[in-house]
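Numbering follows this note's numbering, in which position 53 of the sequence shown is assigned residue number 54; successive positions increment by one, without gaps.
No wet-lab data here; the hints were simulated from the structure. Glycine included, each C-beta is placed from N, C-alpha and C at the ideal position.
Cβ pair distances, simulated, as ranges:
1) Glu26 with Trp57: 40 to 48 Å
2) Ala50 with His19: 43 to 51 Å
3) Met36 with Ser12: 34 to 42 Å
4) Leu62 with Arg27: 51 to 59 Å
5) Ser65 with Arg27: 55 to 63 Å
6) Val21 with Ala55: 49 to 57 Å
7) Ser65 with Ala28: 53 to 61 Å
8) His63 with Arg32: 43 to 51 Å
9) His52 with Tyr24: 36 to 44 Å
10) Gln49 with Glu11: 52 to 60 Å
11) Leu31 with Leu64: 45 to 53 Å
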Amino acid sequence: MTHTPNLPTESNLIKTEHEVHFYVERAHQLREQAMSEMIADGGHAIAQAYHAAAGWLAQRLHLSAHA
2 MTHTPNLPTE SNLIKTEHEV HFYVERAHQL REQAMSEMIA DGGHAIAQAY
52 HAAAGWLAQR LHLSAHA
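Input sequences plus hints: build the corresponding full structure.
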């Protein structure tokens, strides 16, 4: 007697299709979140660098004005 493999039923295929759609959507959400956080982190780093440069420049101008 030969064994017939269990073939997926239509309802199982639909369930699988919904799961795939869910995971694809979730992957897109996580990608967007990561991109937003990366952009925010980059903006924060630029602001910190600008602030440090402005402070350094102000200190140099203050020192040269009182030299």
